[in-house]
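*Asks:* Chain by chain, the residues run as shown.
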Amino acid sequence: MTLLAQVASDFNELTSSEVDIAQNIAFGMIAAVMLFSAFRTVTTANVVHAALYLVIVLAGVAALFILLGSDFVGATQVLVYIGAIIVLFLFGIMLTKARLGDDESVESERRGMGALVGILLLVVMGYALVDTFENAELTFGEPEPIAYVPTEVTVGDVPTPVLEALPDVFAGLGDDDEVTISQADFDSLVPEVQRRVPGAEVFGNNKQIADSIFSQYIVPFEAVSVLLLAALIGAIVVARKE
Amino acid sequence: MTGLLSSFLAVEAVPDVSFTTEANWFLENVWIIPLLPILSFFAILFFGKRLPQGGAEIGIAAVGLAFVLAILTNIAWLDHRDNFDYHDGETRTHLEKHDDHAEDEHASALLEVDGVTESVVLSFAEEGAEGAEEIHPSVAVISERSWFTNGDVDFTAGTIVDGPVALMLFVVTTISLLVHIYSTDYVSGDRRYTHFFAFLSLFTGSMLAYVVSHNILQMIVTWELVGLCSFALIGHWWEEKPNSDAALKAFLTNRVGDIGLLVGMVILFFSAGGTFDVVEINEKAVSGEISQTALTWAAISLTAAVMSKSGQFVLHTWLPDAMAGPTPVSALIHAATLVVAGVFMIARLYPVFWYGFVIPGSDINGLALIGSITVVFGGLLAFVQNDIKKVLAYSTVSQLGYMVLALGVGAWTAALFHLFTHAFFKAGLFLGSGSVAHSVHSFDMKKDMGGMRKFMPTTFKTFIICSIALAGVFPFAGFWSKDEILVGTGGFGVGAGKANGEYTLMLVMGLVGAMLTGAYMTRCIYLTFFGEFRGHGHPHESGPRITIPLIILSVFAFGAGFLNFPPGFLTGDAKKPSFWQERFGHFVEPLAAYFPPISHSVPSWWLAIIASVIGLIGPAIAYFYYFVLVDRKAKETGEKLTELPNGPTTSVGFLKAGHTLLVNKYYLDHLYQNVIVGFTKGPLSKAAYWFNQNVLDGVVDEAGRTAVRSGNFIYRYIDQGAIEGVVNGSGRASTSGGQGLRKIQTGKVQQYAALLFAGATVLAGIFMFVN
Amino acid sequence: MNELREWGLTLLIFAPLIGAAIMMAFPKTDEGIHKVIALGTTIVTAIIGVILLIDFDYDRADEMQWAVERDWIDIIRAEYAVGIDGMSLPLLILTLLVVPLVIIYSWNHFPNPHNPKAFLMLILVLHTGMIGSFVARDLVLFFVFFEVVLLPMFFMIAVWGGEDRKYASLKFFLYTLFGSALMLVSFLALFFLAGAETFSIVGLAEAVADGDISRNAQIWIFGGMLLGFGIKVPMFPFHTWLPDAHTQAPTQGSVILAAVLLKLGTYGFVRIAIPILPEAAVVWAPWIGLLACIGIIYGALGCLAQTDMKRLIAFSSVAHMGYVMLGIATLTDWGINAAIFGMVAHGLITGMLFFVAGSVKERYHTLEISRLGGLLVSAPRMGWILGFISMASLGLPGLAGFWGEFPAILAAYNPANGLPVGLFRVYMVIAALGTVLAAGYLLWLLQRTAMGEPSEEFANDPHITDPNREEWIAWTPLLVLILVFGLVPGLIFNVTDPAVEANISDCLSADVGDDKANFDVGACERDGLDAALAELGVAIGDGE
Amino acid sequence: MLLNQFLLLAAALFCLGVYGVLTRRNGVLVLMSVELILNAVNINLVAFGAFQDNVVGDVFAVFVIAVAAAEVGVGLAMVLLMYRNRKSIDFTEVDMMRG
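Protein chains in written order, with the working numbering: chain A, 1 to 242; chain B, 1 to 771; chain C, 1 to 544; chain D, 1 to 99.
It is possible that part of the hints are untrue.
[Unchecked claim] Using 27 Å as the maximum straight-line C-alpha spacing, the simulated DSS-like pairs for lysine-lysine come out as follows:
1. 447/B - 241/B
2. 461/B - 446/B
3. 35/C - 361/C
4. 461/B - 635/B
5. 656/B - 633/B
6. 454/B - 390/B
7. 686/B - 361/C
8. 87/D - 97/A
9. 166/C - 28/C
10. 635/B - 665/B
11. 390/B - 656/B
12. 447/B - 656/B
13. 446/B - 633/B
14. 681/B - 361/C
15. 166/C - 87/D
16. 361/C - 241/B
17. 686/B - 166/C
[Claimed, not checked] Far from chain D, some chain B residues (derived; all Cβ distances over 12 Å):
18. 25
19. 380
20. 545
21. 656
22. 657
Just so you know, the hints here were simulated from the structure itself, not pulled from any lab data. Please read these numbers as outputs of a predicted model, since none were measured by experiment. Even for Gly, the Cβ is constructed at its ideal location relative to N, Cα and C.
Model the full structure from these sequences, guided by the hints.
*Replies:* Okay, here's the thing in structure tokens:
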């Protein structure tokens with residue numbers, strides 16, 4: 001809810017449920033685009049088109065990550081997938097001298113079977129998911145503490161919820177007066193309001209992710225790095241000309 | 001009731017003891033006897049070829065040592081039988097309680113079957129209760145070691161020595177030793193001389209191990225080992241296909257019987273409360289702890305095993321074929337080892353058969369019936385054989401029939417006595433026939449023999465003695481044992497009748513068998529030793545290593561019957577056998593809690609005389625036919641005749657038909673080989689394999705193909721028809737249709753992957769819906 | 001010693017992998033080095049096995065020894081739990097014995113297209129998978145090792161196999177993969193439905209016994225495992241991959257496949273399926289018994305129809321594993337002891353048969369039975385060995401094969417409580433009939449290949465010789481063990497018996513002496529009225 | 001927002017990916033379909049992370065992305081090799097491997 005919330009913070013009046021609606025609309029649009037693109041990716045006869053449709057799907061996935069409040073993963077997704085993997089794919093397409101136009105030979109006539117399997121899989125998974133999670137809400141728990149560097153602000157720039165939350169601080173001050181909100185006062189605010197305090201730096205969960213990766217998951221992380229190295233060497237060994 | 005009782009010879013109170021674990025050293029350590037030949041097997045196999053005699057010396061030494069030990073064991077047993085202090089604490093039975101209650105139960109179980117039986121068994125109990133005179137029991141000696149644990153039950157391996165075991169030790173080692181000596185000459189220069197002796201040793205060793213087994217599991221193991229050795233020895237000259245066929249036939253026929261063995265033993269194991277112990281099973285059968293039903297089923301199953309192993313009618317067909325092996329092996333198989341294994345098993349587990357077939361009090365039962373049929377049918381087959389060994393083979397079948405018949409009518413001692421005497425004269429006959437064949441290099445009586453008495457006087461004499469013994473002529477060994485069997489049947493009320501039931505049919509068949517025996521042996525002797533020599537070359541008498549065993553065996557064939565004079569013979573009082581009467585029965589027949597209360601028939605002079613007369617009618621007719629008619633005709637025409645040119649079998653219609661039936665061995669071989677085995681090997685297995693390749697195996701591939709086909713179908717009619725048009729509005733896809741339908745054989749990976757996915761999904765779905 | 005108790009099994013599992021890693025460092029032209037490393041590694045594992053045999057406390061064979069438990073994948077509660085008890089010890093030792101022998105046999109017998117480096121590395125990876133499967137006490141760990149086995153075998157068949165290797169290997173791979181997919185689903189279903197919070201076998205068994213999981217679900221889950229393990233065994237009618245795989249695999253692959261891999265399936269039954277789901281086992285057992293009996297007769301008939309020696313041996317595996325499955329289906333300690341004995345015996349005997357078949361192929365360049373013949377003349381020792389193992393394979397008492405068959409037949413007379421006695425007695429008779437057919441096809445094989453005179457084609461072929469040095473080294477231990485286990489079956493029975501008893505639920509274990517007539521068959525399910533009511537309650541509650 | 005909308009979307013993507021893997025003959029396109037599958041998994045991971053309010057899902061999503069990058073690299077290298085050897089990247093024509 002973080003990044004989107006910040007976007008929404010410009011619309012100070014938006015309530016929680018209204019934010020929800022906005023999120024749902026965003027999700028619906030992204031999902032529709034993704035599904036269409038994914039479908040085209042696996043059906044189009046043009047290899048380059050398939051790659052480009054894939055880009056849209058990957059971007060949609062990144063958007064979903066952001067919608068889910070995982071900015072870091074979203075960013076990684078964009079960098080790695082759209083930035084690197086797709087380029088790799090395009091290189092692959094070029095190097096294998098694929099036809100740039102439609103190429104019917106990419107498609108086997110096993111489509112019916114594939115569709116059957118896919119639909120079967122979807123029905124079973126869909127049933128299982130609906131059956132299991134029914135209406136489980138995504139509640140974005142307690143947001144993380146928000147860092148605050150006390151700085152002087154003009155009272156006029158302070159949003160109303162903050163003014164209302166700290167009546168003592170702003171008592172009798174005009175809009176042009178400058179004031180510094182103390183750390184203690186900041187801490188006394190509820191997180192919703194804290195975010196509105198000018199100068200409050202809002203972090204996503206990036207910090208936690210970093211903590212996790214470099215403490216709890218350090219071994220898998222190292223393993224992944226070795227894997228990448230191995231893949232690098234492997235790819236070279238496999239692909240190089242004798 | 002008491003009136004009936006008084007006519008029995010020996011109604012004894014069954015002593016409440018079975019076995020001891022402490023006795024003479026020889027009785028406790030009897031395991032050494034089978035171990036010696038088995039070790040000799042390995043020794044010959046590994047070192048035999050490097051020795052000057054090719055390993056034969058090891059075999060003879062081992063078997064000789066076993067023979068000496070067996071003699072010592074027998075001596076120890078004679079002492080133990082009469083002088084062992086069975087009141088000692090070490091002597092015991094497996095039964096917790098052996099009270100009258102159990103006895104009553106058994107009696108009442110039998111009551112439903114036959115009224116007469118009831119009175120018999122009850123009277124035993126009463127007699128015992130009165131404690132008239134304490135009979136000295138024969139206490140078996142057992143020593144055992146832990147073998148393995150399964151299902152929390154500890155199984156032991158061990159040995160038992162009692163009367164029948166001591167007897168068999170003597171018989172097996174004696175015959176085997178003689179056969180070993182004989183073989184050193186007979187098979188000398190053979191391509192596999194060393195192997196022959198190795199397996200001869202193993203054969204002896206496994207038979208000895210079988211005999212001393214104290215539990216049925218050991219019996220199964222050694223029983224099969226005996227079968228294996230017979231396979232190896234019958235197929236000794238496996239380069240020729242008929243020999244290996246015969247070996248296979250022997251093994252497979254025995255395997256068929258082994259189904260019965262396994263099933264029967266399993267039934268006994270469970271019904272006796274989870275034990276393989278022979279003594280315990282017998283005790284429980286005697287005391288009535290094992291239900292009548294279980295005993296009957298076990299007895300029927302085991303009878304199947306006996307039929308195959310001891311060559312009883314319908315499963316006897318392998319036995320004559322087994323003549324493909326070297327002659328000493330035939331002698332060993334037919335006299336002392338393989339074929340008597342079945343008979344010995346009945347004797348060993350006699351209570352199972354005794355109560356299972358309700359031998360006391362019935363007039364007919366499975367065992368007696370099979371035995372009596374075998375006696376006659378086997379004897380008849382011997383008439384049409386030209387191969388001297390096959391005559392003897394069918395003779396063996398017939399004689400084994402006598403033993404089984406005897407056991408079936410309750411004449412236990414008579415059966416073992418016949419086993420004992422038969423071992424000697426049959427071994428003598430086989431070795432004698434081998435001696436003849438050795439000098440004429442053939443077994444065919446009609447083509448290559450005749451007039452041999454001039455060339456081989458020693459062989460001739462021993463052969464004649466053994467034949468007379470086999471025919472059961474007074475006072476040769478066969479007479480005593482056969483007479484005892486006939487008396488034991490109790491038919492027509494002989495032997496005070498109804499001792500163990502009145503088996504009239506068996507008596508008749510026994511008499512017919514006696515007639516046949518003399519007749520076919522007369523034919524055999526004429527064809528072999530009389531008339532003109534029809535073979536080639538210059539036959540001569542065999543060397544001492546062949547003739548000395550023959551002489552020893554013919555001595556036994558003459559004298560072995562004296563060991564068991566019937567009680568009352570020459571003294572008149574059948575109730576009190578004097579010290580030289582019925583010695584065999586006294587020492588061999590167990591008299592303990594693990595053996596059923598058998599009543600003994602009173603010998604009958606009348607029967608002995610009638611049987612002798614009937615037994616001589618057959619030879620007389622045969623003599624007239626061969627020695628008079630054929631001989632005269634041969635002299636008239638000057639040809640070397642073996643049959644009358646226009647004999648009864650070629651001129652009389654029904655005799656001709658009978659002859660054809662006999663020549664074709666009742667068509668049993670045809671049934672087995674062409675019908676049953678042929679069907680299994682041919683159509684049945686082919687059908688099973690076709691099913692495998694085309695139905696089961698086809699399912700996998702077919703599933704894949706079906707998936708492709710249905711995919712094509714969906715693609716053509718649904719995908720192409722509707723969906724494709726919608727999603728791909730440009731219509732470009734229409735061109736891909738033709739391409740897509742083009743036949744491709746590849747792409748299996750994706751296809752299988754699709755199936756995999758689909759399968760996993762369906763399964764996941766099932767699990768989801770189940771819970 | 002204590003350190004070894006702590007680390008021994010882990011070392012055992014990963015030593016082959018380390019060996020394979022070292023081999024990777026050497027170029028593939030240095031064949032000698034590869035052979036030495038591979039053999040050395042397997043010998044190290046074998047030595048550890050010997051130490052294990054010495055250190056193993058046979059009085060406590062029912063307990064897990066050398067046991068280790070460490071957290072592994074916390075999130076799904078999977079543990080790295082390994083240990084050895086009387087049930088797994090014989091099979092583990094069998095593995096540790098067979099693999100070095102296979103490598104020795106390979107020494108100069110590498111199949112085409114040669115490449116010892118890759119071949120030996122695959123064997124080592126296979127070794128890890130097999131060891132791991134036998135020592136794992138956690139379902140996830142078991143599954144991982146179970147799957148590790150699959151790939152090397154696939155490559156062995158696909159690369160070094162016979163003419164039809166592509167088809168055979170793919171069939172083997174997909175068939176078994178399908179089975180293990182079902183197995184995995186079953187494991188997961190078990191985990192979630194039983195609510196055990198653990199994947200350990202003992203934990204799951206307790207959770208199932210405590211009983212949230214409905215009877216229906218248990219039956220379904222057992223069904224999944226049945227398919228998964230049954231394909232691996234292989235049980236009729238899932239056996240069709242086996243003849244193809246065996247026929248096409250190189251000798252070494254066939255030997256390992258027959259000696260160890262097939263045992264993974266049956267081991268799964270006795271270690272996992274039955275201890276965890278005894279009630280469902282009772283429901284399925286008659287069907288397993290039926291399939292086992294069909295397999296016995298059917299496999300034998302299949303053998304009689306074969307013209308190829310190796311394919312015949314492969315079909316005989318179907319029949320022999322039928323006896324093992326019959327033993328398992330009785331659910332008695334007798335039956336399962338017999339099954340484990342049968343597994344070891346079949347491993348030794350059929351492994352040996354494949355060795356001989358491989359050597360025959362190497363000499364004659366064909367395995368077509370009609371073209372062979374007179375092996376006893378051309379190569380007498382080899383002929384005798386073939387005769388010996390044929391006898392062992394047909395269940396001759398005194399050799400190892402008998403102790404897998406007879407006790408299984410015996411156990412079928414008196415199956416566990418709750419099973420239909422009459423039906424199992426019919427099975428017993430059918431199984432006994434199978435011994436005749438077994439004798440038939442094996443002796444017929446022996447007659448056609450070993451007896452008689454050699455055909456003209458091969459009469460004076462100098463290549464047809466007695467076993468060479470490597471073959472003797474590789475074969476002697478197996479031949480000796482076949483004889484030793486046959487004479488002293490206690491060597492295995494005494495080890496497995498306590499473990500088997502500890503592993504079958506009390507309500508199943510029928511006392512061998514029980515007479516069925518006096519036994520209340522229904523009483524097994526739970527004890528007492530309360531339990532009966534409780535079950536009724538469960539049944540009502542589950543009535544969906 | 002509901003958790004399910006993300007999961008169902010991911011399921012749909014996953015199925016499309018499976019469809020692609022099963023039907024595509026072109027090696028590059030198969031790899032792309034695999035990417036779809038991986039992304040579906042990633043959405044699940046992140047959505048569950050948000051649902052349970054921790055970062056484990058995010059962390060694993062990052063790992064998956066990294067592994068995916070490696071996979072594409074090696075995969076494309078193999079496709080290239082195949083192209084070089086066979087002048088075709090049709091998967092249905094791939095023969096079995098031989099050592």
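*Asks:* Which of the numbered hints are not met once you compare them with the structure shown?
*Replies:* 10
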